[in-house]
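Engineer: Can you make the complete structure from the sequences, with help from the hints?
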Amino acid sequence: MKRGLYILLISVLFMSCNDFQRALKSEDTAEKFKLASELYEAEKWNKSYRLLDQILPSYRGKPQAEKLTFMHAMCSYKLKDYYIASYHFDKFTDAYPNSEKVEEAAFLAAKGYYFGSPVYSKEQKETIEAIEKLQLFINAYPNSEHLTEANKLVKELDFKLEKKAFEIAKQYDLIKDYKASISSFNNFLLEFPGTVLRNDALFYRFDAAYNLAVLSVDYLKEERITDALGFYQSLKKAFPDSEYMELATPMQQELQDQLNTFNTKS
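Each residue of the sequence shown is one higher than the one before, starting from 1 at the first, in the working numbering.
Treat the hints as calculated values from the structure; they're not laboratory data. No experiment lies behind these values; they were computed from the predicted model shown. Be a bit skeptical, because a hint or two may be false.
[As the list claims (entries may be wrong)] In silico DSSO-like pairs for lysine-lysine, Cα to Cα no more than 27 Å straight-line: (1) K176 / K236; (2) K78 / K155; (3) K80 / K125; (4) K125 / K164; (5) K176 / K163; (6) K170 / K125; (7) K78 / K152.
[As the list claims (entries may be wrong)] Simulated restraints, written as ranges between beta carbons of each label pair: (8) M245 / K78: 43 to 53 Å; (9) E149 / D53: 25 to 35 Å; (10) L247 / E156: 22 to 32 Å; (11) K91 / V214: 56 to 66 Å; (12) A238 / Y83: 40 to 50 Å.
All residues carry an ideal CB built from backbone N, CA and C; glycine is no exception.
Structural biologist: Next comes the structure, spelled out in structure tokens:
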């Protein structure tokens, strides 16, 4: 019994392969259209795409073109060729703005850009582009069923930009370029006022300012100690129970003692 089912399955697959190869070599666009649609419904994305790619130019300007263009883009998306998929979905939304599929196409186009976003440590040009595309979708379709997911994707991409900026500022601290670190953290806090990394940023800015003050020559020390103490107060005010306070408080006390020494001399 099992052997019979196995033989039947092999026969069906063989026939299916034969049909596909015959259609692929055929000049009959209608045959290609029919099989491409069947393969699409069966989620055979690669085979469907190959047939659609052949016949799409022949149907431009015809009633079937809308369906074929969407299917062609969707096959690319399902094959995880997101850059090409976004390109095709964008073309679909431009060509068929009144289509019942236009909202889905606009969302998948934007989501394709999301997949092109690299890890935060790399150049973030694609991330910025993805945010812009998703935001355009959100603005165009404020009542979309995809709105929750689109906002979630934007939030995730925004965090990449935050993480990138934060790590750059932190790296300056690690290589002991304290002035650059302070400046970078100042910019970070201005650019991302609601960041979840605010606690970390406030501490590392204080840490950079502490090191800059401690290592300064005498005629710069008093001013830099005062600046560092101001950064400490910003941390304490925003996060009085911060896990960094155990480290920051002794540093603050050391700076305060040094400042008191300056005041005693003057």
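Engineer: Of all the hints given earlier, name the ones this structure violates by number, lowest first.
Structural biologist: none
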